[in-house]
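Q: If you want the building blocks of each chain, they are given just below.
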Amino acid sequence: MVDKGPLEQARGLFRSLWHKDASAGPQGITGQRFVVVDTETTGLEPIRDRILSLGILPLQNGRIRVGEGQEWFLSQEVFDHRSVPIHGILKEGPHARIPEKEALLAFRESIDGAILVGHHVGFDREMLQAACFRWGLPRITNPFLDTELLYRQTRIKSPLLKRRDRYTLDDLAAEFNLSAKDRHTALGDAHITALAFLHLIPMLRAKGIFTLPQLLKVGRI
Amino acid sequence: MSNRIAARVADFLGRYPPFNELTERDLLNLSEQTDILYREKRQTLFRKDDPTHAFFYVVHRGAVELRNPGTGALADICDEGDVFGLRPLMAGDSYRMEARTREDSILYAIPIAAFRPLVTSYEEVGNFLIESFASNTRNPYARQHGGSLVSTGFGHTDIASPAEMPALLPLATRRKLVSCSPETEAREVAALMTRKQVGSVVVLENDLPVGIITDRDLRTQIVSGQFPTDAPAKRIMTQPVLTYPAEITFTQAQLAMMKSRIGHLCLTRDGTPQSPVVGILSKHDLLLAMGQNPEVLMRAISRSRQIKQLRAVRSRATALLERYLRNNVSMALTMKIISEINDACMKQVIALALEKTGEPPVPFAWMALGSQGRGEQLLQTDQDNALVFADVPEADLPEVTSYFQDLAGRVNKGLRKIGYAYCPAEMMASNPDWCMSLSRWKKRISGWMKDPNNESVLLSSIFFDFNYTYGDEALVRALSDYIFERADSHAAFLRELAQGALQNPSPTGFFRQFLLEQDGEHKDSFDLKHRALLPLTDGARVLILSHRVRGINNTAARFEKLAELDAPNRELYLSCSYATKALLKFRTLQGLQSGDSGRYIRLDGLSKEEKMKLKRSFRAIKELQDLVALRFKLKTGW
Numbered sequence: 001m002v003d004k005g006p007l008e009q010a011r012g013l014f015r016s017l018w019h020k021d022a023s024a025g026p027q028g029i030t031g032q033r034f035v036v037v038d039t040e041t042t043g044l045e046p047i048r049d050r051i052l053s054l055g056i057l058p059l060q061n062g063r064i065r066v067g068e069g070q071e072w073f074l075s076q077e078v079f080d081h082r083s084v085p086i087h088g089i090l091k092e093g094p095h096a097r098i099p100e101k102e103a104l105l106a107f108r109e110s111i112d113g114a115i116l117v118g119h120h121v122g123f124d125r126e127m128l129q130a131a132c133f134r135w136g137l138p139r140i141t142n143p144f145l146d147t148e149l150l151y152r153q154t155r156i157k158s159p160l161l162k163r164r165d166r167y168t169l170d171d172l173a174a175e176f177n178l179s180a181k182d183r184h185t186a187l188g189d190a191h192i193t194a195l196a197f198l199h200l201i202p203m204l205r206a207k208g209i210f211t212l213p214q215l216l217k218v219g220r221i
Numbered sequence: 001m002s003n004r005i006a007a008r009v010a011d012f013l014g015r016y017p018p019f020n021e022l023t024e025r026d027l028l029n030l031s032e033q034t035d036i037l038y039r040e041k042r043q044t045l046f047r048k049d050d051p052t053h054a055f056f057y058v059v060h061r062g063a064v065e066l067r068n069p070g071t072g073a074l075a076d077i078c079d080e081g082d083v084f085g086l087r088p089l090m091a092g093d094s095y096r097m098e099a100r101t102r103e104d105s106i107l108y109a110i111p112i113a114a115f116r117p118l119v120t121s122y123e124e125v126g127n128f129l130i131e132s133f134a135s136n137t138r139n140p141y142a143r144q145h146g147g148s149l150v151s152t153g154f155g156h157t158d159i160a161s162p163a164e165m166p167a168l169l170p171l172a173t174r175r176k177l178v179s180c181s182p183e184t185e186a187r188e189v190a191a192l193m194t195r196k197q198v199g200s201v202v203v204l205e206n207d208l209p210v211g212i213i214t215d216r217d218l219r220t221q222i223v224s225g226q227f228p229t230d231a232p233a234k235r236i237m238t239q240p241v242l243t244y245p246a247e248i249t250f251t252q253a254q255l256a257m258m259k260s261r262i263g264h265l266c267l268t269r270d271g272t273p274q275s276p277v278v279g280i281l282s283k284h285d286l287l288l289a290m291g292q293n294p295e296v297l298m299r300a301i302s303r304s305r306q307i308k309q310l311r312a313v314r315s316r317a318t319a320l321l322e323r324y325l326r327n328n329v330s331m332a333l334t335m336k337i338i339s340e341i342n343d344a345c346m347k348q349v350i351a352l353a354l355e356k357t358g359e360p361p362v363p364f365a366w367m368a369l370g371s372q373g374r375g376e377q378l379l380q381t382d383q384d385n386a387l388v389f390a391d392v393p394e395a396d397l398p399e400v401t402s403y404f405q406d407l408a409g410r411v412n413k414g415l416r417k418i419g420y421a422y423c424p425a426e427m428m429a430s431n432p433d434w435c436m437s438l439s440r441w442k443k444r445i446s447g448w449m450k451d452p453n454n455e456s457v458l459l460s461s462i463f464f465d466f467n468y469t470y471g472d473e474a475l476v477r478a479l480s481d482y483i484f485e486r487a488d489s490h491a492a493f494l495r496e497l498a499q500g501a502l503q504n505p506s507p508t509g510f511f512r513q514f515l516l517e518q519d520g521e522h523k524d525s526f527d528l529k530h531r532a533l534l535p536l537t538d539g540a541r542v543l544i545l546s547h548r549v550r551g552i553n554n555t556a557a558r559f560e561k562l563a564e565l566d567a568p569n570r571e572l573y574l575s576c577s578y579a580t581k582a583l584l585k586f587r588t589l590q591g592l593q594s595g596d597s598g599r600y601i602r603l604d605g606l607s608k609e610e611k612m613k614l615k616r617s618f619r620a621i622k623e624l625q626d627l628v629a630l631r632f633k634l635k636t637g638w
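Each protein sequence line maps, in turn, to chains Y and U.
First residue of the first sequence: 1, per this note's numbering; consecutive thereafter.
First residue of the second sequence: 1, per this note's numbering; consecutive thereafter.
Bear in mind the hints are in silico, worked out from the structure with no lab data behind them.
It is possible that part of the hints are untrue.
[Stated by the list, open to error] With beta-carbon atoms standing in for the labels, derived distance ranges:
(1) Y:K207 / U:D566: 45 to 55 angstroms
(2) Y:D171 / U:N20: 33 to 43 angstroms
(3) U:A491 / Y:T141: 48 to 58 angstroms
(4) Y:P143 / U:G72: 36 to 46 angstroms
(5) U:R548 / Y:K207: 52 to 62 angstroms
(6) Y:P143 / U:R47: 28 to 38 angstroms
(7) Y:K181 / U:K443: 44 to 54 angstroms
(8) Y:K207 / U:R416: 54 to 64 angstroms
For glycine and all other residues, C-beta sits at the position ideal for the given N, C-alpha and C.
Work the whole structure out from these sequences, hints included.
A: Pasting the structure below:
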């Protein structure tokens, strides 16, 4: 190992503290693989309702990997016409559909070792876990990060400012000036969420959140 | 499986060279291998001599600057759709420039491995790259019309242009040239002049002017019996013909006519008799042009005895305005002249109203507010005004108030007749809230300052640009003294005003996309006033108030004063001043063109060039908002 002078060492340490380098280490945020996930469903009841489509968009080293983005359309027997106006997915839509189990297996394969990210992702998690349960698949054990929680962290805390209870994906898109194109499609929402997540990282860094454990502490659900 | 995010990336790339040359399939294939990055502003993407990345970059939103690391000089700014970091990858070289985000940016990183095959298979792509590397700019098409905002003219300094003095503007020769040959009979010449309704013809030989025949020549030479009616033109024409260059100015033309005692000037291409004739300029043309002269207009205004006459004069001022703008007279001068004319019109309307209402019971002053008060109302938009009168004993107040409301009502009506619409928010002197005694005004202003809220900030932001128009100036001064004495002790108010200045969303957020109106009549239009001009106006106001500078209302002038007072930010202020003038000019031209206030712009009506230029002036707005936020310790949008 090259012998560095103490000054040089101190400089290096300072630099790594000062810059985002702290987030590049083994506990760092940068190198970690994240997979942004979004589901479109027939309704809001994890037991009764079904996933109609599932979108993922992986993200690592601050980059959204466009080519690894995937969207699966599921063939479902249970179908609730009420949710169609929102998602525009008809049960037999124009997309090629695959059985739920097949989609789940493909999904599980692509999230190996990843932290899952989503907006109000608690709901997506419930839907996914219920689906896995139905097919006798083990629970998904990956950590889930909620971008609403993360966003909330970046807001100013002041008794003078009324804090909103909920921040929707549309709120975040407006805040970060993201195009709402393809909103309410699984992959489209995942894309908006991914961009919002990329915006949040430096904002959180400014609040002292540099490492994965810190990130999980504030954003995990 | 093709995914819709890749399709979206392809959609974007396909709008810019060289990607617009690719087939849909190749473009989609390239897009699928693209990564999306986000970088905050002032982040370095690569430094000189860094090992080259496996990617080159396209700016999706935001802006990236390329600097020469040796000199620190800014080499280029990459906007939406611009490519950078490609040359070293193609040349197998290391980076020569340093790339840093200038704004929060979203970038597309395209792997060179996927792109390289396209360079060889598409000739256009290869050519584009060769051209852009050779010209050392990222996009050879982008540099064709660098510099100014709309079409030609208004450079950064906007002083000392040859068109600085309106009297030196080139005159337009309107009429088609009427000519005859030297052999044409006098009778035919007379018939020709009658038919074409002109007072003069040029006599041409081999297309060159040899003489001129006017009504006067026919009278003195033919009708007097000196020559028969079939005499050829060459016998009766005035010669040699005095020729002047086509770009003759008003003053030159006036001097030439006075000097040679002639009523018609023959204009040729280069000003000599050896070049083709391009037109004839008569005394009548000169008189018409003079009608659009500010002095003549001012005199006409003060002589008007009726509103109707004023209206006619005011509409001539719009023609004058258009001529100034088209000829790139400096915006500062244009604003000054037009606001003088506006001011004179208002004074005359008030004077005429006073003749009807009789002597006022106590001294009063009329104030112009808003854009009129700032001297920025170039087009006749709506009126904002207020009236203040001297304090009277409580008992007399109702009677005095009713007199002034009657007066104000007449003035507002008169102003509307000459073309200034009523203020939709009723910020007009005829509104009892805007027609008060001095002490009530003070009380109201102090209320705004003590308890700042959204409404009071809005009201005061319009009110604080007040400018004396008519009556007792001391009253207006007293009001302004009052405000400045208090502005210091009410830091909270200034903060609130500053907050107000940040409220208007900047034109492109922190990304470079135009924010369009979401609904209503102007859906999908860009609101130039609200999103571009207002942030500048509001910023200038709060900063100038915080410096306790009074008497400067014009936004551009305020920025120039701020540049003087706050040297470290001099450059920003000067670019704000420039942006204000440029945007105001843009808006005015838009308004003249579409016959409205010019406030809403349809983007599809703009060329890409104009859009880019608009965006460039928006940068100053963003930086100004950041400065205001910093100075008043506020948070910007996020």
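Q: If a hint holds in the structure, say so; if it doesn't, say that too.
A: Going through the hints against the structure:
1. Our hint of 45 to 55 angstroms for K207 (chain Y) and D566 (chain U) is violated, since their Cβ atoms are close to 31 angstroms apart.
2. For the hinted restraint 33 to 43 angstroms between D171 (chain Y) and N20 (chain U), the CB-CB distance of approximately 35 angstroms keeps it satisfied.
3. A C-beta distance of roughly 55 angstroms is found between A491 (chain U) and T141 (chain Y), which places it inside the suggested range of 48 to 58 angstroms.
4. Between P143 (chain Y) and G72 (chain U), the C-beta spacing of about 45 angstroms keeps the proposed range 36 to 46 angstroms intact.
5. Taking the beta carbon of each, R548 (chain U) and K207 (chain Y) are about 37 angstroms apart, not inside 52 to 62 angstroms as hinted.
6. In this structure, P143 (chain Y) and R47 (chain U) meet the distance hint of 28 to 38 angstroms, their C-beta atoms being roughly 35 angstroms apart.
7. For the hinted restraint 44 to 54 angstroms between K181 (chain Y) and K443 (chain U), the CB-CB distance of approximately 52 angstroms keeps it satisfied.
8. A hinted range of 54 to 64 angstroms for the beta carbons of K207 (chain Y) and R416 (chain U) is consistent with their spacing of about 55 angstroms.
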